[in-house]
Amino acid sequence: MPSSSQDLYQPKPAEIREVIEENSQIKTFDLSFVDREYNDGFSYEPGQFMMVSIPHCGEAPISVSSTPLNGGTIHLSVRRAGKLTEVMHEMKRGDVVGLRGPYGRPFPMASLSAKDLLFVAGGIGLAPLRSVINTCLAAGHERRITILYGSRTPSDIAFKEDLASWGQTKNVTCLLTVDRAEPGWEGEVGLVTALLAHCSLDPHETKALLCGPPMMIRAVLAQLADRGFADGDIITTMERHMKCGVGICRHCHMDDKLVCKDGPVFTLEELKQLKVMELQG
Amino acid sequence: MPDKYILKKDHLLPLLRKLKKTHRLIAPVRNRHGDTLFAGIDNLDEVRIDLENQPQNSLKQFFFPQQETLFTYSNPASDSYHFEPVVEESPPTLYFGVRSCDLSAVLYMDVVFLKNVKDPNYQRKRQNTILVGLNCNDPFANCFCNATRNGPFIDFGFDLQLTDLGDRFLVEYDRSRGQEIISDWRQFFAEADDQDVKAQYQAFLEARGKFRLQVHLDQAVKKLARDEVPESVWEELSMRCQDCGGCAYICPTCTCFSISDLQTTDHAGERIRSWDACTFSGFTRMAGGHNPVDRQMRGIEKRFRHKLQFDVKKDNRPSCVGCGRCVNICFGGTDIVRFINMTCCENI
Amino acid sequence: MHDILTTCVYCGCGCGVYLHEQRGRVVGATPSRNHPVSRNNLCVKGWHLHEFIHHPSRLKEPLMRKNGKLTPVSWDEALSFAAHELGRIAAASNGNAVGLLSSAKCTNEENYLLQKLARAVLHTNNVDHCARL
Amino acid sequence: MAGLATTFGSGAMTNSINEIENAQVMLVIGSNTSEAHPQVARRMFTAMDRGARLIVIDPRRTLLAQRADIHLAIRPGTDIPLLNAMMRIILDENLADDLFIEMRTENFYELRDMLFRLDLEEAARITGVELASIRAAARLYGRAQKAVICYCLGITQHVCGTGNVQSIANLAMMTGNVEKEDTGVDPLRGQNNVQGACDMGALPNVFPSYQQVDIDDFREKFERAWHVSLSPRPGLTLMEMTHGGKNGPLKAMFIMGENPVLSDPVMSRVEETLDNLEFLLVADIFLTETARRAHVVLPAASFAEKTGTFTNSERRVQMVRRVIPPLGQSRTDADIIMDLSARLGYVMDYESPAEIMEEIAMLAPIYGGMHHDRLENSWGLQWPCWDREHGGTPFLHKYYFTRGKGRFVPAAHEPPAELPDDDYPFLLITGRIYHQYHTGTMSRHSVLLSREAGEALLQLHPEDGRRLGVRGGEMVRMRSRRGEVRVKAQLTETVKAGEVYTTFHFSEMPVNLLTVSAKDHFSQCPEYKICAVHLEKV
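Residue numbers (my numbering), protein chains in the order written: chain A, 1 to 281; chain B, 1001 to 1348; chain Y, 2001 to 2133; chain C, 3001 to 3538.
A hint or two may mislead.
[Claimed, not checked] In silico DSBU-like pairs for lysine-lysine, Cα to Cα no more than 35 Å straight-line:
id	chain 1	residue 1	chain 2	residue 2
1	A	Lys275	C	Lys3488
2	C	Lys3488	C	Lys3221
3	A	Lys272	B	Lys1115
4	Y	Lys2060	C	Lys3251
5	B	Lys1222	A	Lys261
6	Y	Lys2069	A	Lys83
7	Y	Lys2060	B	Lys1125
8	B	Lys1223	B	Lys1210
9	B	Lys1125	A	Lys261
10	B	Lys1314	B	Lys1222
11	A	Lys83	C	Lys3537
12	B	Lys1008	B	Lys1223
13	B	Lys1008	A	Lys275
14	A	Lys83	A	Lys170
15	B	Lys1223	A	Lys261
16	B	Lys1223	A	Lys275
17	A	Lys275	B	Lys1210
18	B	Lys1222	A	Lys275
19	B	Lys1210	A	Lys272
20	C	Lys3488	Y	Lys2069
21	B	Lys1018	A	Lys261
22	B	Lys1004	A	Lys275
23	Y	Lys2069	C	Lys3251
24	B	Lys1018	B	Lys1008
25	C	Lys3180	C	Lys3146
26	A	Lys92	C	Lys3488
27	Y	Lys2066	C	Lys3246
28	A	Lys275	B	Lys1314
29	A	Lys92	Y	Lys2069
30	Y	Lys2069	A	Lys261
31	B	Lys1008	B	Lys1118
32	B	Lys1004	B	Lys1125
33	A	Lys92	Y	Lys2060
[As the list claims (entries may be wrong)] To list a few chain C residues with every Cβ distance to chain Y over 10 Å, as calculated:
id	residue
34	Arg3053
35	Arg3067
36	Asn3094
37	Arg3112
38	Ser3263
39	Gln3318
40	Leu3327
Source of the hints: derived by calculation from the structure; they are not laboratory data.
Glycine included, C-beta positions come from ideal geometry on N, C-alpha and C.
Starting from the given sequences, assemble the full structure and let the hints guide the process.
Have a look at this one:
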């Protein structure tokens, strides 16, 4: 957390060490703080986000997609949407952005270790889950992991390296699908829910982590409910317009909860207490 | 040390003059145009301190200004991006003539800005302040602090508080700084006797009887909690709302804000915080243009739910202090009192 | 911090609005409670009246076209050239080839001066503003 | 404002804004009041909460129309037949105020004769509104004891703008709804100081206070005051100046604080005109689309940096006060004009704006009592204010109209210059939205206003959207006979099928590339409200 209240809103410069082009819309920025000492002491947990400053563009919340176990480096995967991200996409290695954070309630990592895990992601939604998956794998997660990932087209598939390496891990099943095939695509075509239908899962022994567009979330939730998942075992992240990141400005409110402080990670059980558009359609 | 004193009305100005030597003085001033505003006083002899009318502004703008700079930045090249804090002086300040609604609003803002994380800008302005309250003997036409239960008299939260007893003020203190003022300037204060205390109670009784609005706030809070507010009420309100944001801006407890960059040169700028209102559709619209809230909750609905439902759920009290400033200023004729009346009227 | 009463510059309603000045900057706008039009509220434009005043793209120095490009020059150079050109064309055409557009955003005093400039100095009645737009 | 000048003798709001609160019936025509004049709409809503009734005549189902008791969604450009039909119904049903007509007006018989020739069914057919609804509106207005008509640019920006206004005046006079408090005809001014600019004689045909340049007495008065001889010939109007093209009448222009490139119709024509000037001088606070074309651009001070007065829609002259010094090297327009004038050999030596106002008070009778010291210590004064003792005039035409007797001027329907056809099947209406103002010079530089409404949207009926295969948020190519723009569609039932609406605030979507140059013959007001366009999905 920020060291003192004096710099609650003031970011720290962070240098772009590498830019990975995931697809035409998503780039992953490998960043570290210019202040070495601060960088060495910096840590975060999967599910948390950073407020990213770009000169003259203000700030935007971006979830961390790397695992905290790789110390000294932060991956932020950014999808083009709006002015700030447009400008950020033009930035290159050596350029400097401002970062403050990490903010938000992380995924409940401790509760995941003794369970089977189901990850369902769509598009950029894989970013925060990637952080969880890699952290779990690095920690030697022994139980079954199922990863389902949906993209619009084969060329929209992001995090290809990760997907490939997960696919080769022993206790991991990693399945991809696309909405629309392209020449050369031999994989699945259709919604992630179709993939999900084929997976054998033990609803009482599995934690499900979902992240993606509202349409997908709703469809997956319906199926998981059918299969007997408890609301407390379904975990997702919410996305809202944010300004302060620290629970004051109220832009990210969902009823009496604030996504920046009480989220972005929520269990379905918690969300059902609120009026959440993503769940209602 | 006794806890109630008497200050002669003739001695108010001399006392303020003394306190002004060490503090910036902010008080309700009636200006030459005929408006009463809380304003900084440079020369006590040139202004008219107005304790008769409600100041049109609250203390919000002093602790949480409409626009303020959080820090400055410069980016002379793409590989350098620096941030400089703006250290703004916050001299010791005495706020005089603060009524119970505005005082309660400051206490609410303290929770918002200081409870979970400490907002540095708010904290800087809030520390070194003395709040001198004024109990309301004559609630104004649109006041309903009796319904929000924080007025017309209040017995906590101030440093010093005055009650007008006709020819004299009864003076109480709640915080040590108030106590210090009394002991530092003991020559102005005489000990209050039983008669004075009785007179204060009489003033309180009479003040309670002077409210012109009857506002069933508790009932509205209950209905909101049980989700019993008819859809037709929200529809009517959102049709009436003309999207000015005035209710939130004028409200002493509405503290939503936005943060943006104000470019000053090609390679430098300031990060600005400014008032925002949850009634605006841009308040929740995300970068790609998607708005996760508008479809289910209309702006004005968000605001009333926040004040009377979510804050009650969170802090067990509504975040409306009944100051009445938003009443009758609405372009479309919707305000919190109308909402409460609509909600609590059986016919709707 | 000072509050100075002025008149809003958006729309024809003419609200009385206090501008908050702090260290040479206008940092806020609030309505006058007793002003007959504003009556303690402004529309969304009025509440954000202060925001355009210090925008970085405000013009801060006179510009003159040199080699096709608008280039910063001194007031003296800009005004001498402007006066010379207006005077030359007005004199040659008996005022007929000169036109002036005044502004619904400028003050009455300025509008008065502009039409006086047109009529008394440039000898033309070619003066108008966008009343109809 | 030629329409009201010929009928009443004075082209301004007859009421004060606050009087609207007390009206019994409000008739709003050609004004999106709640978005363009929020404070006026606020009074209307207050009046309605008190029991007043609201009639809105507007092709679009605006927010105001949604709250109206009667909304007549007329076909654009058919205001005259509608108003004539209402008047005919009022005559037929004996709702006219015969005594008022007799005592306070003239030329009623000409109007009456025309109305008796009117075919109501035909009028209803032209307007596209059910006759029963027109009848209901006529009765509601005709029976009111205190009725106010508010109109705005939706009335004046037509080829028949003057006729529209005259018809409104006819309706008000016929029912005796003028010459008293809380009752009258109120043109809402589009910009903050349009009223003042007109009052000050920033018009080609009049000196300050509407004293015609071609009347010797007036001209001689100004000649004596200014020590020069003045031209008796009215000058060119704005459109004549900005639409001259390559061989236009002007060689030099001085544009102070205006942005005709965006605000005037047929943008390409304006650009051509300005680009062919020998010399263009612009003074403005931002480098506008117009300033970019200038030879010399002078940085002007904003309203927060100068002292002076504005005159609002209700003729209230009030102070503008300097809050900060001019930014950078900028100067007030007054300083700029004085310096320029001195260099042209005519000394304008005023020590303060108050001194300028003293000169105005001497020369402009309706401002006779306006002095800064009086305005400083009040909420302003409403003209006419004849002298220092006069307290101003909240409502006009008490006892008699400015011109003596109110004059009925009958008007007949004149179809718009361009209507939709097979090639250009949509009717485009242009106007404003709540969060932006005029060409956006000021409002687009506000962070919040731009967040709330940052881009131009084309209001399109969902049915039309379906037919064109356009969904909300998708881009549309909009083409007229004069130009083409791309704009984002917003599907809404605010507009009728076949009609579309957009704004002129955004330079990226310069809608005035499309508009027609046709204008009203008397007032020279361009027909912004109607042109024919073709739409297709991008």
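Here's how the hints hold up against the structure:
1. Between Lys275 of chain A and Lys3488 of chain C the alpha-carbon distance is near 31 Å, which keeps this suggested pair within the 35 Å criterion.
2. This hinted pair does not check out: Lys3488 of chain C and Lys3221 of chain C have alpha carbons roughly 55 Å apart, beyond 35 Å.
3. Distance restraint check for Lys272 of chain A and Lys1115 of chain B: the Cα-Cα separation of roughly 27 Å lies within the 35 Å cut-off, and the hinted pair is therefore satisfied.
4. In summary, the hint linking Lys2060 of chain Y to Lys3251 of chain C is supported, as the alpha carbons are separated by about 27 Å, within the 35 Å threshold.
5. Of the supplied pair hints, the one linking Lys1222 of chain B and Lys261 of chain A holds, its CA atoms being roughly 27 Å apart against a limit of 35 Å.
6. For the proposed pair Lys2069 of chain Y and Lys83 of chain A, the alpha carbon gap of about 29 Å is at most 35 Å, so the pair holds.
7. Only pairs whose Cα atoms come within 35 Å are accepted, and Lys2060 of chain Y paired with Lys1125 of chain B is accepted, the gap being roughly 33 Å.
8. Under the criterion of a C-alpha separation no larger than 35 Å, the hint pairing Lys1223 of chain B with Lys1210 of chain B is consistent with the structure, at around 27 Å.
9. The hinted pair formed by Lys1125 of chain B and Lys261 of chain A meets the criterion: a straight-line CA distance of about 25 Å does not exceed 35 Å.
10. Between Lys1314 of chain B and Lys1222 of chain B the alpha-carbon distance is near 14 Å, which keeps this suggested pair within the 35 Å criterion.
11. Between Lys83 of chain A and Lys3537 of chain C the alpha-carbon distance is near 25 Å, which keeps this suggested pair within the 35 Å criterion.
12. Our distance criterion of 35 Å between C-alpha atoms is broken by Lys1008 of chain B and Lys1223 of chain B, whose separation comes to about 47 Å.
13. Between Lys1008 of chain B and Lys275 of chain A the CA atoms are separated by roughly 56 Å; this puts the pair beyond 35 Å, and the hint is violated.
14. Between the alpha carbons of Lys83 of chain A and Lys170 of chain A the distance comes to roughly 42 Å, so the proposed pair goes past 35 Å and is violated.
15. At roughly 28 Å between alpha-carbon atoms, Lys1223 of chain B and Lys261 of chain A fall within 35 Å of each other, so this suggested pair holds.
16. Pair hint Lys1223 of chain B plus Lys275 of chain A holds up; C-alpha atoms about 17 Å apart against a cutoff of 35 Å.
17. A threshold of 35 Å between alpha carbons decides the hint, and for Lys275 of chain A with Lys1210 of chain B the separation of about 40 Å lies outside it, so the pair is violated.
18. Of the pairs offered as hints, the one joining Lys1222 of chain B and Lys275 of chain A holds, with about 18 Å between alpha carbons and a cut-off of 35 Å not exceeded.
19. This hinted pair does not check out: Lys1210 of chain B and Lys272 of chain A have alpha carbons roughly 45 Å apart, beyond 35 Å.
20. For the suggested pair Lys3488 of chain C and Lys2069 of chain Y, the alpha carbons sit about 33 Å apart, so the restraint of at most 35 Å is met.
21. Between Lys1018 of chain B and Lys261 of chain A the alpha-carbon distance is near 45 Å, which puts this suggested pair outside the 35 Å criterion.
22. Of the supplied pair hints, the one linking Lys1004 of chain B and Lys275 of chain A is violated, its CA atoms being roughly 50 Å apart against a limit of 35 Å.
23. At roughly 20 Å between alpha-carbon atoms, Lys2069 of chain Y and Lys3251 of chain C fall within 35 Å of each other, so this suggested pair holds.
24. Distance check on the hinted pair: Lys1018 of chain B and Lys1008 of chain B sit about 15 Å apart at the alpha-carbon level, within 35 Å; holds.
25. For a cut-off of 35 Å, the pair hint linking Lys3180 of chain C to Lys3146 of chain C stands: about 8 Å separates their Cα positions.
26. For the given pair, Lys92 of chain A sits about 32 Å from Lys3488 of chain C by alpha-carbon distance, which is consistent with the 35 Å threshold.
27. At roughly 23 Å between alpha-carbon atoms, Lys2066 of chain Y and Lys3246 of chain C fall within 35 Å of each other, so this suggested pair holds.
28. With a C-alpha separation of about 16 Å, the suggested pairing of Lys275 of chain A with Lys1314 of chain B holds against the 35 Å cut-off.
29. For the proposed pair Lys92 of chain A and Lys2069 of chain Y, the alpha carbon gap of about 33 Å is at most 35 Å, so the pair holds.
30. Among the hinted pairs, Lys2069 of chain Y with Lys261 of chain A is inconsistent with the structure: their alpha-carbon atoms are about 52 Å apart, more than 35 Å.
31. Among the hinted pairs, Lys1008 of chain B with Lys1118 of chain B is inconsistent with the structure: their alpha-carbon atoms are about 40 Å apart, more than 35 Å.
32. Of the pairs offered as hints, the one joining Lys1004 of chain B and Lys1125 of chain B holds, with about 29 Å between alpha carbons and a cut-off of 35 Å not exceeded.
33. Only pairs whose Cα atoms come within 35 Å are accepted, and Lys92 of chain A paired with Lys2060 of chain Y is accepted, the gap being roughly 34 Å.
34. Distance check for Arg3053 of chain C against chain Y: the nearest CB is about 23 Å away, which clears 10 Å, and the non-interface claim stands.
35. Against the 10 Å criterion, Arg3067 of chain C stays outside the reach of chain Y, whose nearest CB is about 17 Å from its own CB.
36. Every CB of chain Y is more than 10 Å from the CB of Asn3094 of chain C (nearest about 37 Å), matching its label as outside the interface.
37. At roughly 31 Å from the closest C-beta of chain Y, the C-beta of Arg3112 of chain C stays outside 10 Å, upholding its exclusion from the interface.
38. Its beta-carbon lying about 5 Å from the closest one in chain Y, Ser3263 of chain C breaks the requirement of being farther than 10 Å from that chain.
39. Once the 10 Å rule is applied to beta carbons, Gln3318 of chain C is inconsistent with being away from chain Y; the minimum gap is 5 Å.
40. For Leu3327 of chain C, the non-interface assignment is contradicted: its Cβ lies about 6 Å from the closest Cβ of chain Y, within the 10 Å cut-off.
When the structure is compared with the earlier hints, violations turn up for hints 2, 12, 13, 14, 17, 19, 21, 22, 30, 31, 38, 39, 40 and for no others.
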